[in-house]
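Q: Listed below are the residues making up each chain.
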Amino acid sequence: MIRDPKDLQRYTASERANHWVVGICFILLALSGLAFFHPAFFPLSQFFGGPVWARILHPFIGVVLTISFLGLFFRFWKLNRIGAADREWLSRVGEMVNGDDHGMPEQGKYNGGQKVMFWALAVCVLLLFVSGILLWRAYFSFPVDAVRLGAVVHAAAAALMIGFILVHVYAAIWVKGTIRAMWYGTVTRAWAKQHHRGWYRQVTGK
Amino acid sequence: MALQSLDIQRRSATTTPQPGARNPVEVAKLIDVTTCIGCKACQVSCSEWNDIRAEVGSNIGVYDNPIDLDAKAWTVMRYSEVEENGKLEWLIRKDGCMHCSDPGCLKSCPSPGAIIQFKNGIVDFHQENCIGCGYCVTGCPFNVPRISKDDGKAYKCSLCSDRVAAGQEPSCVKTCPTGAISFGSKADMKEVAARRIANLKERGYANAGLYDPPGVGGTHVMYVLHHADRPELYAGLPKDPSISPLVGLWKGVAKPLATLALAGVALGSLFHYVVKGPNEISKEIEDEIEKEDAQ
Numbered sequence: 000m001i002r003d004p005k006d007l008q009r010y011t012a013s014e015r016a017n018h019w020v021v022g023i024c025f026i027l028l029a030l031s032g033l034a035f036f037h038p039a040f041f042p043l044s045q046f047f048g049g050p051v052w053a054r055i056l057h058p059f060i061g062v063v064l065t066i067s068f069l070g071l072f073f074r075f076w077k078l079n080r081i082g083a084a085d086r087e088w089l090s091r092v093g094e095m096v097n098g099d100d101h102g103m104p105e106q107g108k109y110n111g112g113q114k115v116m117f118w119a120l121a122v123c124v125l126l127l128f129v130s131g132i133l134l135w136r137a138y139f140s141f142p143v144d145a146v147r148l149g150a151v152v153h154a155a156a157a158a159l160m161i162g163f164i165l166v167h168v169y170a171a172i173w174v175k176g177t178i179r180a181m182w183y184g185t186v187t188r189a190w191a192k193q194h195h196r197g198w199y200r201q202v203t204g205k
Numbered sequence: 000m001a002l003q004s005l006d007i008q009r010r011s012a013t014t015t016p017q018p019g020a021r022n023p024v025e026v027a028k029l030i031d032v033t034t035c036i037g038c039k040a041c042q043v044s045c046s047e048w049n050d051i052r053a054e055v056g057s058n059i060g061v062y063d064n065p066i067d068l069d070a071k072a073w074t075v076m077r078y079s080e081v082e083e084n085g086k087l088e089w090l091i092r093k094d095g096c097m098h099c100s101d102p103g104c105l106k107s108c109p110s111p112g113a114i115i116q117f118k119n120g121i122v123d124f125h126q127e128n129c130i131g132c133g134y135c136v137t138g139c140p141f142n143v144p145r146i147s148k149d150d151g152k153a154y155k156c157s158l159c160s161d162r163v164a165a166g167q168e169p170s171c172v173k174t175c176p177t178g179a180i181s182f183g184s185k186a187d188m189k190e191v192a193a194r195r196i197a198n199l200k201e202r203g204y205a206n207a208g209l210y211d212p213p214g215v216g217g218t219h220v221m222y223v224l225h226h227a228d229r230p231e232l233y234a235g236l237p238k239d240p241s242i243s244p245l246v247g248l249w250k251g252v253a254k255p256l257a258t259l260a261l262a263g264v265a266l267g268s269l270f271h272y273v274v275k276g277p278n279e280i281s282k283e284i285e286d287e288i289e290k291e292d293a294q
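Protein sequences appear in the order of chains A and B. Number 122 in numbering that gives the first Met the number 0 belongs to position 123 of the first sequence; there are no gaps in the numbering. Number 245 in numbering that gives the first Met the number 0 belongs to position 246 of the second sequence; there are no gaps in the numbering.
In isolation and in its complexed conformation, chain B is listed as follows (with noise of 0.2 Å):
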């Protein structure tokens, strides 16, 4: 799905720079989580959209359906009953790609061309390069990829890379009758954002405010949420998300300088055949064989 409309910021795998001569806007998809009333409008749309259906679960006395990300199934709403300020509340959060600058996926993905992060920040998988090995679910550091049963490739939200690069906004967006879902320059939503809040906060939320997490380099979705301090309270939304030290190892330095040592020892052996010379067997003890079988 390489269009040309969309520029290439980050190819996996690939150590040599992307075209740069273009520099178009970053979007951004802003999710109110406060103004959303959990219809999974959304979830149907993003199933209509992308041609997708995930199999038909079983309930298991919560709202949740399906009960997780999936191969087909690439945004879910996940429902949580808290207790705040002694009433009830229910945080419906729509979960799905994050679309990170920093992607963990990205990083982590060993085949050229699989994971694609475009210029206008959206995050996407090319499934016809991708070999299956599941290194984007070990990167991501909000558990996202799904690696598919039938075909062994990895799935997830594209932020409807298709509709966007045709100059609409994606699926779930169109289709959002409360109008939690925007979309648009990331500046933009940052804007839109910040006026929800301040009317979050004169309502008595004092700690609303905008989740676009540093640690990952800032994100392409970004939610409003009422308790910004606790994004753990929705659904376990990371609260201070970034790539693990052990996938910045594994995929960072140790690559080139283990690399550069394996080089380093085929290199020396050869070189030290070539100056120390082979090591034979000695003149000495050779005829000290032949006069034994002369005996």
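Next up, chain A with everything else stripped away, as it sits in the complex (with noise of 0.2 Å):
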């Protein structure tokens, strides 16, 4: 693709790097920690040398991308905040996943969707982060019915972020012109008109 001088830039060079860490490690994640989910996924725990290597390296991996998640939330969080527009296209979603979104009420860099995305996965890595605290037995040693509660939040909190993550990956495929933003950086000007038109007038002055 040829880049246009004209394109917006959307995310800088260490906004990208910081996302990109923090989605290698959720990989990385999801993969190890359905292995222990479900005997179904056992075999993923391969990926890592075997699932012992899988057991040693998963919890050391959730530290780096809570601490990179943190990088990621002090960056976003104060463009993440939820306001009446937010509320007003929340409602409306329908009408986005109808494939119409002609009618849909202006945005500004992040739609209501992508912020409660935003603050669902927040939730998720704080409780997945504490709970999987309980769990690491290598180098901690809790009360057995704090452990026992931190399994069950681990689970359902890994389920919904996988499920959130999903959700994400796809709406970045299904959105066009999305993903560059992710790779180096910029979107065109006719994307931010269309998906994020108060953006798209703030940055441009149009």
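Bear in mind the hints are in silico, worked out from the structure with no lab data behind them. It is possible that some hints are incorrect.
What the hints assert, rightly or not - Not everything, but these chain B residues come out facing chain A in the computed CB check (under 8 Å): (1) 7; (2) 9; (3) 109; (4) 146; (5) 150; (6) 251.
Beta carbons are placed, not taken as given, at the ideal position from N, Cα and C, and that holds for glycine.
Two chains, two separate frames, one set of hints: put the complex together.
A: Below is the structure:
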């Protein structure tokens, strides 16, 4: 794709790098975590050099994800505060899913759906980190009732987060011209005008 | 330690049936707490037969030594001093794996074949398949499995599955000098227990009884207790143990439901794309931008 000098910068290089550190950690955690979640997924542990390595590595990768997710959180939380326009957008999300976005209210850098995704992922990461520490028997020892609760919370939050990320990835694939924002940082003006008109006005002054 | 002569009933993290043609008899070890003198010969024979020796600990002022179960101490005597009927009673319980019919460890284990329940009732850990996650510890209602600090594997009493497979009794049973530990078919052990309990009742222990808790489907290690109404007296033996409902939720219906839900999200996304098509930038907006550039 030939890049137009008039394309709009959506993400800086450090924001993109930060996103992909989280993304890679998430993929590794999902594969190794699913291996322990249900026997059907156990063979996924072979990607890590066998199930014992998967068990050893999973919590360390989780720590890296938590720290790098904090980076994303502090970069973007102010842009993800939910307002009236977002609630309006969310109440009409059915039209969007149905493939007709012409009547959707004007959105800033993030639409209501992206903002809900942001906060949902933040809550999942928090729950996974705290419950994950409870389960990390190689280094910690907690009362068994706390560990049992931690196991349920960890599995539930992980299943939810995998579901959210599937939606996150699909939305990026579905909305054409989106994924390049996370590869090399820019989007076309037409993309911005169609999907994030408020942000388009703000960065172009039009 | 998979043994051909022991038929498998259940295998951890396995969703298909085990070989079911043969149905050997259920065995049980009966520990008569009322006959135990606390000599620890069973601890020694366990160390000898299994070739394990816990690190020498320190004396904390009681007879318990080692003071807890360990990856290298699969059975320990627990000594409780209680006052009953105005008299001191020294209750001595040989602690270790209870070999539950419904084992919380096996239910929790994510590694196929790391925990095996044999048809004779023995629950055995196969350390070569153990990944060291400690879920068995989380699942056990009796706080029995221990993770080794040396190799990261889980260990516990095997009920001497190797000896039983060869037609011998567990080593602790063989060694016990007072005959407080017996071994045989579970049905026979219940009869032995019933005779002993009747005897104890005649001698004034009105609440004597058998500990074979139904909450875990019964166990393949059973106790004769003088105070079966209060098992907690015996170093906190749980009164009505069962697999924690949290473990049931975590390892029960939630797993297949969540798996189906995730598959639904992934397939739903694919078919959304196929049915609705991609969300492209509209021709109208592209034209607007082109017009701006032409100006």
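Q: Indicate, hint by hint, whether the structure satisfies it.
A: Verification of the hints:
1. 7: Result: violated, 16 Å to nearest chain A Cβ.
2. 9: With a closest approach of 13 Å, the residue 9 of chain B hint is violated.
3. 109: At about 4 Å, which falls below the 8 Å cut-off, the nearest Cβ of chain A leaves the hint on residue 109 of chain B intact, so it holds.
4. 146: holds, 6 Å
5. 150: violated, 10 Å
6. 251: This hint is violated: residue 251 of chain B lies away from chain A, its Cβ roughly 11 Å from the closest one there, beyond 8 Å.
The structure is inconsistent with the numbered hints 1, 2, 5 and 6, although it conforms to all the rest.
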